[in-house]
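These protein sequence lines are chains A and B, in that order. Take the first sequence: its position 8, counting from 1, is numbered 8 in my numbering, and each next residue is one higher. Take the second sequence: its position 275, counting from 1, is numbered 275 in my numbering, and each next residue is one higher.
Since the hints were derived computationally from the structure, they do not count as laboratory data. Fair warning: there could be bad hints in the mix.
Intra- or inter-copy, both count: the list cannot distinguish identical chains.
The list that follows gives simulated cross-link-like pairs (lysine-lysine, BS3-like), each with its CA atoms no further than 25 angstroms apart [to be verified]:
1) K127 to K9
2) K34 to K96
3) K340 to K127
4) K2 to K127
5) K147 to K96
6) K12 to K34
7) K347 to K387
8) K2 to K177
Number of protein chains: 2
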Amino acid sequence: MKRTELFTKTSKTTPAGEVAKNAQLLIRAGYIHKEMAGVYAYLPLGLRVLENIKQIVREEMNAIGGQELSMTVLQPRDVWEKTNRFDDAVVDNWFKTKLKDGTELGVGLTHEEPVVDALIPYVSSYKDLPLSVYQIGPKFRNELRAKSGILRGREFVMKDMYSFARNQAEHDELYEKTAAAYTKIYDRLGIGAETYRTAADGGYFTERFSDEYQTLSDVGEDTIYVDKAKKLAINKEIYTDENLVKLGLNRQDLVEEKSVEVGNIFPLESKYSDALDLYYTDERGQRQSIIMGCYGIGVSRIMGAIVEKFADEQGIVWPVAIAPFKICLINVGTDENVVKFTINLYKKLQEKGVEVLWDDRVDVRPGEKFADADLMGIPHRVVVSAKTLAQNSVEYKARTSEETLILTIDELLKKIACI
Amino acid sequence: MKRTELFTKTSKTTPAGEVAKNAQLLIRAGYIHKEMAGVYAYLPLGLRVLENIKQIVREEMNAIGGQELSMTVLQPRDVWEKTNRFDDAVVDNWFKTKLKDGTELGVGLTHEEPVVDALIPYVSSYKDLPLSVYQIGPKFRNELRAKSGILRGREFVMKDMYSFARNQAEHDELYEKTAAAYTKIYDRLGIGAETYRTAADGGYFTERFSDEYQTLSDVGEDTIYVDKAKKLAINKEIYTDENLVKLGLNRQDLVEEKSVEVGNIFPLESKYSDALDLYYTDERGQRQSIIMGCYGIGVSRIMGAIVEKFADEQGIVWPVAIAPFKICLINVGTDENVVKFTINLYKKLQEKGVEVLWDDRVDVRPGEKFADADLMGIPHRVVVSAKTLAQNSVEYKARTSEETLILTIDELLKKIACI
Chain A
1 MKRTELFTKT SKTTPAGEVA KNAQLLIRAG YIHKEMAGVY AYLPLGLRVL ENIKQIVREE
61 MNAIGGQELS MTVLQPRDVW EKTNRFDDAV VDNWFKTKLK DGTELGVGLT HEEPVVDALI
121 PYVSSYKDLP LSVYQIGPKF RNELRAKSGI LRGREFVMKD MYSFARNQAE HDELYEKTAA
181 AYTKIYDRLG IGAETYRTAA DGGYFTERFS DEYQTLSDVG EDTIYVDKAK KLAINKEIYT
241 DENLVKLGLN RQDLVEEKSV EVGNIFPLES KYSDALDLYY TDERGQRQSI IMGCYGIGVS
301 RIMGAIVEKF ADEQGIVWPV AIAPFKICLI NVGTDENVVK FTINLYKKLQ EKGVEVLWDD
361 RVDVRPGEKF ADADLMGIPH RVVVSAKTLA QNSVEYKART SEETLILTID ELLKKIACI
Chain B
1 MKRTELFTKT SKTTPAGEVA KNAQLLIRAG YIHKEMAGVY AYLPLGLRVL ENIKQIVREE
61 MNAIGGQELS MTVLQPRDVW EKTNRFDDAV VDNWFKTKLK DGTELGVGLT HEEPVVDALI
121 PYVSSYKDLP LSVYQIGPKF RNELRAKSGI LRGREFVMKD MYSFARNQAE HDELYEKTAA
181 AYTKIYDRLG IGAETYRTAA DGGYFTERFS DEYQTLSDVG EDTIYVDKAK KLAINKEIYT
241 DENLVKLGLN RQDLVEEKSV EVGNIFPLES KYSDALDLYY TDERGQRQSI IMGCYGIGVS
301 RIMGAIVEKF ADEQGIVWPV AIAPFKICLI NVGTDENVVK FTINLYKKLQ EKGVEVLWDD
361 RVDVRPGEKF ADADLMGIPH RVVVSAKTLA QNSVEYKART SEETLILTID ELLKKIACI
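Just chain A, same shape as in the assembly:
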């Protein structure tokens, strides 16, 4: 894409009323627009990052047999009353709305109940199980305060998967398969090295632990104790000797860290399936409960967490896999040969399927273009100038390095393919 075809601009001014670094930088770089506290629109650059994260999550959910669907924002109260979760006294962060006839509706804050309800026509026999369904879409939580940018929004994008198994052993298998997929997702997103599967409270209806995925971050709201060798952690909330024994962890191997939750997986037992009357008939004709799990990943939250985790003095630093563009291509000056060389390189990169942003603005100094590329967090910067042209080369710099290299086009292509 040419920069002149992108309507957003960067800003040097920290936006008023934003205390969170992620929102400050994402607004300054033109990724998001604040509608109100905790509610942000995604501008073209922001949407590209969001879609890149979604696609990685989608591929890994599909790889373990997850079937994608899309539930609704508007929620009828009847399914929620079966689990007693419609009452504001029980669930205190609903947004509610009303039909013309006064009927109260919920605005989707999670989707266990409607997903179970939607399966009723399709699940009745042992032959129909196991199965997993997931969606990637908006969620709404009526938070009292919202000051964390896209880290904790009132409206946000989430992937939620729900698994349905015939018995505990089958559930455990689905659960661990999903846990393995989560590890792959964080690796692909570029935060795998510092993201820990973390034992946490399982909720009031199970004695099992749930698993949070916590990524180390100075702005984290959570405190966890990490066993770096075992790549496991335990949340401070359940940090007791008894639980350490259950988990096979030792106090002396653990380091206290601040972290941000970037996913969680929960055993749900048969709480929701029983309440909504979803059972199956086994091989012997007996009615049996269905064991569920649920598996969340905050897609927009991860985008915010990654900004917080990697940003430096110059701005955002995106991992390559989710960057809106892999390369920012900059021509210095408007010398005819420089421009011609740049256009050819731009086309060549596009043909190779490399997502490249060509900063083709003519009234902007090179230094300003460099600063913009850094603020926007584009992983690779490629500069064409009269000087590089004399060597039939380009100047290359990685966002995370101070070193500049003079590379031929072939060397550049090899370098980019390897990163």
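Fit chain B to the given chain A structure using the hints.
Frame of chain A; chain B shown alone:
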């Protein structure tokens, strides 16, 4: 995909309480799940169709320079008060909700105001224009009644684009460029032949016409007068001699038809930009109004309209471009060689990038598989049996034809590539 990996099933029973053919068939074939009147979840097959439609729309909007973004569902009242559209007495189909502190919010029913507001940091000079932005996402309309399935929902998926021009001539150019893109979209969706650009009322703040895109359909709520030679129409609402003259249409060339609106484009003059204080400074330093257009396509509505338009006694008939799968592959019997041949063909089709649903169920009769493929509306049916195997061939049938053909694999691949 293997049929045994899809959790949905088909049903012979017309769902209770559904009067619209589109909802009846889409529920029976396992495409959608009804949450409440006018609110439907998209199950895996339905989501595939929806995504296919979205992708065609997206490609054509990108091709004319549209920049994709994603606005929010939750809407703060202040921007809407600037155009006096927050008041329920003015706009009577809002869903409203509230923050914890009692602040009233809207639930996005359209996005002119927030889009204009989001552009304020980015548009100030003549150099920043023209531009077009669009999104594809959920919309919410609090309809009193909702009996038309996904043709007219309370929650539905829409593409909405907004254009911003420096003057009327530039606006007209953007408007006609978008109109041309709309024609391409309906052609690609398979409804181009019977979809007419239809002059309609422009609304209360412009004397211009708006343009509706109307596709002929017996269940249409609109009446239009069509000039088939000119590929133009006029809505009954503005069918006057004066307007016919303005449009260059003659009564004797027009045929009355029932139709469904599958898109609309509106000249907005500078109503929203002026109200929200979005102006630009021209080359001479003068402040100027910005001329806007808006361009809607009801993505889920089109899905419903296509079901209504093409369905027959056997079920849904999808145009190839949006079908969830292009081919339904069926093996008759479980003879080892038949199954082996089927698996090889399944793999070969997948390698060629053909989306194929292999009905691999072993406990289901061939007749039932054929009926399912028809109900689901899969465009091509390919059957492998001991009989076809003896000829090293398959039996091919198009969804819209009674004729069956015996084809070699090469002949089959050629046939599918051409359709």
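Going through the hints against the structure:
no., hint, in the structure
1, K127 to K9, "between (55 angstroms within a copy, 13 angstroms between copies)"
2, K34 to K96, "both (22 angstroms within a copy, 20 angstroms between copies)"
3, K340 to K127, "between (63 angstroms within a copy, 24 angstroms between copies)"
4, K2 to K127, "between (53 angstroms within a copy, 15 angstroms between copies)"
5, K147 to K96, "both (22 angstroms within a copy, 23 angstroms between copies)"
6, K12 to K34, "within (17 angstroms within a copy, 49 angstroms between copies)"
7, K347 to K387, "within (21 angstroms within a copy, 52 angstroms between copies)"
8, K2 to K177, "between (42 angstroms within a copy, 20 angstroms between copies)"
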